[in-house]
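Line order of the protein sequences matches chains A and B.
Per the working numbering, the very first residue in the first sequence carries number 1; after that it's consecutive.
Per the working numbering, the very first residue in the second sequence carries number 1; after that it's consecutive.
Just so you know, not all the hints are guaranteed correct.
To be verified - Partial pick of chain B residues on the chain A-facing surface, computed with a CB cut under 10 Å: (1) K70; (2) H72; (3) L74; (4) R340.
To be verified - Computed Cβ-Cβ distance ranges for the label pairs, DEER-style: (5) B/E227 <-> A/T88: 49 to 59 Å; (6) B/R9 <-> A/D263: 33 to 43 Å; (7) B/D324 <-> A/E273: 27 to 37 Å; (8) A/Y306 <-> B/A25: 43 to 53 Å.
No wet-lab data here; the hints were simulated from the structure.
Backbone N, C-alpha and C define an ideal beta-carbon position, used for all residues, glycine too.
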Amino acid sequence: MQVEMLLPRQRMIALEELHSLLTGTIAAEPFHESIVDVSIDFSQRIFHDSEARGHPELLALAYWMRKAEMIRLTAQFRSLQLDHRVLTPRGLVFHLPPRNVDTIFVYSWLLAALTGNRSVVRLSPQRSESTSILLRLLRESLAAAAEPSSGGTTIVSYGHEAEPTEMLSALCDARVIWGGDQTVEIIRRSPLPPHAKEITFPDRYSLSAIRADSYKDLPAEKRNYLADQFFNDSFWFDQLACSSPRLVVWCGTGSETRAASADFFRRVAACVERRRYVLPAAASMQKLVYTCSAIINSPVEECRRYKGLTILTLDSLVGFQRSHPGSGLFFEVYLESLLDLTTFLGRRDQTLTWFGFTPDELYALVRRLNGRAIDRIVPIGQALQFHRFWDGYDLLQEFCRCVYIESTFLDVRPTHTNAPGRS
Amino acid sequence: MTFDALIQRPQYSIPQAEKEAVLLAELTRLSQSHRERSPEYARLTRVLFPGSADPHNLAELSYLPVALFKEHFLSSIPESEIFKILQSSGTTGQTPSRVVLDRETAQLQTLALSRIMTSVLGPNRLPMILVETTDLIRDRRQFNARAAGLLGMLNFGRNHFYALDTNLELLLPELKDFLHRFGGEPFLIFGFTFLVWTRFYQALVDSGLDLSNGILVHSGGWKKLQEQAVSAAEFRAALRKAMGLTRVYNFYGMVEQVGSVFLEGDDGYLYPPNFADVIVRDPYTFEEVPHGQTGVLEVLSALPRSYPGHCLLTEDLGVVHAVDSSACGRFGKAFSVLGRIPQAELRGCSDVIDAKVS
Chain A
1 MQVEMLLPRQ
11 RMIALEELHS
21 LLTGTIAAEP
31 FHESIVDVSI
41 DFSQRIFHDS
51 EARGHPELLA
61 LAYWMRKAEM
71 IRLTAQFRSL
81 QLDHRVLTPR
91 GLVFHLPPRN
101 VDTIFVYSWL
111 LAALTGNRSV
121 VRLSPQRSES
131 TSILLRLLRE
141 SLAAAAEPSS
151 GGTTIVSYGH
161 EAEPTEMLSA
171 LCDARVIWGG
181 DQTVEIIRRS
191 PLPPHAKEIT
201 FPDRYSLSAI
211 RADSYKDLPA
221 EKRNYLADQF
231 FNDSFWFDQL
241 ACSSPRLVVW
251 CGTGSETRAA
261 SADFFRRVAA
271 CVERRRYVLP
281 AAASMQKLVY
291 TCSAIINSPV
301 EECRRYKGLT
311 ILTLDSLVGF
321 QRSHPGSGLF
331 FEVYLESLLD
341 LTTFLGRRDQ
351 TLTWFGFTPD
361 ELYALVRRLN
371 GRAIDRIVPI
381 GQALQFHRFW
391 DGYDLLQEFC
401 RCVYIESTFL
411 DVRPTHTNAP
421 GRS
Chain B
1 MTFDALIQRP
11 QYSIPQAEKE
21 AVLLAELTRL
31 SQSHRERSPE
41 YARLTRVLFP
51 GSADPHNLAE
61 LSYLPVALFK
71 EHFLSSIPES
81 EIFKILQSSG
91 TTGQTPSRVV
101 LDRETAQLQT
111 LALSRIMTSV
121 LGPNRLPMIL
131 VETTDLIRDR
141 RQFNARAAGL
151 LGMLNFGRNH
161 FYALDTNLEL
171 LLPELKDFLH
181 RFGGEPFLIF
191 GFTFLVWTRF
201 YQALVDSGLD
211 LSNGILVHSG
221 GWKKLQEQAV
231 SAAEFRAALR
241 KAMGLTRVYN
251 FYGMVEQVGS
261 VFLEGDDGYL
271 YPPNFADVIV
281 RDPYTFEEVP
291 HGQTGVLEVL
301 SALPRSYPGH
311 CLLTEDLGVV
321 HAVDSSACGR
331 FGKAFSVLGR
341 IPQAELRGCS
351 DVIDAKVS
């Protein structure tokens with residue numbers, strides 16, 4: 001069978017040919033100058049592209065790939081190579097990014113490429129405008145790149161067929177599955193070579209926590225800024241990105257938390273209006289149906305509806321189900337302290353975005369959870385900011401094998417000689 | 001004026017303002033009664049529409065999205081009073097709606113449908129062609145909304161003739177016999193829009209048969225016909241040209257409001273009967289939009305007593321063209337249904353490969 005190849009060149013390619021193409025190349029040295037240059041060049045191309053300008057998520061990606069960040073990342077990688085350890089590429093990484101968060105495939109690919117790996121990326125045949133922009137610019141960047149980074153990246157596109165997935169899985173040294181529980185389950189039916197590693201990104205849930213007394217102390221302009229940041233975290237991907245908050249936890253006394261919530265969500269609503277966020281009609285209807293079901297099924301005591309924004313106030317988190325329609329709907333709950341969340345949080349909970357807590361409070365929560373939940377704690381505004389630390393993984397490390405070297409040769413002494421101190 | 005008057009007065013004869021006043025009182029009373037008898041409805045309206053107990057116009061009445069009947073069994077009657085549970089046919093893979101009826105609501109539905117249909121069929125039962133196969137109602141396991149709709153219509157005809165065989169092919173000789181016996185006087189044809197077009201019209205288009213005494217009542221939506229690029233106007237024009245069929249009435253209705261159907265006037269627009277109405281809302285703000293503007297249709301009906309389905313937001317797009325100014329003498333809102341809200345894809349982390357487990 002044939003699949004569509006999108007990169008290095010756009011054409012149909014038979015699986016056999018793809019197979020030999022992928023077995024033909026070799027891995028590069030991690031953080032080779034040429035790949036760092038590709039990243040910086042790609043970033044520049046996005047910044048200067050007139051089409052990309054209308055997509056804030058592309059600009060965020062470009063910002064993450066810029067020179068200063070690459071210098072920082074290179075240094076971080078060097079610091080991982082401590083005594084007796086050399087981090088080497090795994091070889092060929094097979095990426096299965098999610099269909100609808102357009103930028104993920106670049107983050108996934110770039111971290112693998114920076115660490116010297118070759119990559120093959122599978123994209124869905126249904127591609128958004130921003131994905132097409134990224135493909136066009138990446139093709140240009142790689143065409144202009146120096147060896148060895150000009151090769152080593154292949155992007156293909158196919159539908160639900162198992163055959164290409166089977167072939168690529170059998171060939172790769174690491175497989176990265178984004179896209180939730182169901183995708184992980186389906187892809188796992190295609191076996192990996194015994195030595196290969198798998199990194200999975202299953203369905204996740206994320207939430208925000210705000211300390212009401214800290215919020216109360218903010219002047220109006222800072223409250224607006226916080227609302228704006230919260231909007232970015234939530235609405236860029238219709239609140240369906242796994243790190244976008246869906247539940248807001250207010251910590252403090254009863255009256256303080258309620259006042260803070262009322263004030264905050266009024267500002268978020270104003271932001272939704274100002275940014276002209278519009279939902280497709282079908283999603284808006286689905287949101288209404290979901291709201292009704294939630295009111296019947298959960299202890300929802302109040303519902304506030306603004307244009308494009310719905311807030312459902314929960315009496316308590318007991319028995320709360322994490323299903324969610326996305327598209328600008330928030331549950332909220334009032335608690336006394338952050339630690340009151342401990343029993344509620346679980347394995348699915350990924351990112352906690354916060355405002356107003358002390359470092360001690362945040363560290364205390366993580367220690368109390370002790371690995372049961374939460375992989376990221378970042379300030380409100382950074383929910384979507386991609387990082388090498390994601391979903392509990394350090395991707396820089398995950399894309400490498402760790403070779404242990406003992407370079408001191410210990411002299412072999414004849415067994416009959418008396419060892420010192422033994423006499 | 002009372003609810004009984006709405007039912008009994010000739011349909012489509014009440015000016016909008018007068019009708020709204022009566023409907024508002026009736027529907028407010030219904031909301032109150034459902035709140036008292038359905039805890040789910042009481043909770044929903046309290047949380048979702050605080051302060052809606054005293055609405056000033058029809059648009060202020062609390063409404064439920066129709067899809068809620070798929071996820072929840074919403075009832076305003078004790079189990080002992082259940083007369084029948086209606087189930088929507090539901091496309092494959094979809095959960096069907098469940099609508100609970102008591103005897104009173106079921107009777108009201110029958111009466112209401114009769115008041116609507118006799119307004120175009122006249123008071124007497126007519127010889128009737130069903131563009132259907134008898135299998136549809138014979139197989140009780142598949143007894144669905146389509147079959148229920150058919151049974152509801154049987155009452156308006158006599159000498160019923162099922163015009164399709166088990167393979168949905170037209171029984172042409174038998175049809176000719178029927179026309180020979182009854183074709184000289186008014187007769188009724190009933191069927192689902194898609195079957196009427198593909199199995200009846202397309203089989204007869206070159207037959208030269210004269211159906212000019214026929215009155216066609218059809219329903220079931222335009223989705224499948226839109227795929228074949230047939231509009232409502234083309235449908236009417238084609239039937240007129242091929243077989244002289246000029247009295248063609250589409251109707252719009254749903255299992256969640258049986259009996260309360262919106263029948264086409266001679267001008268091709270749909271009209272609410274006296275005891276029902278439509279409101280067009282913005283799908284984003286849910287505010288009522290001005291007439292002439294497209295939005296989501298809300299359907300209101302004074303019939304549902306046993307379940308809180310008197311004000312329902314549908315998943316169909318529609319537009320109100322005019323009020324009290326129809327060319328065919330009907331009062332009230334003249335509107336069209338423009339089909340389902342188009343499905344849109346949201347973004348998000350899930351779903352690298354569609355959940356099609358093959």
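Okay, the hints, checked on the actual structure:
no.	hint	in the structure
1	K70	9 Å, holds
2	H72	6 Å, holds
3	L74	9 Å, holds
4	R340	9 Å, holds
5	B/E227 <-> A/T88: 49 to 59 Å	56 Å, holds
6	B/R9 <-> A/D263: 33 to 43 Å	53 Å, violated
7	B/D324 <-> A/E273: 27 to 37 Å	36 Å, holds
8	A/Y306 <-> B/A25: 43 to 53 Å	31 Å, violated
Hints 6, 8 from the list above are not met by this structure, while the remaining hints are.
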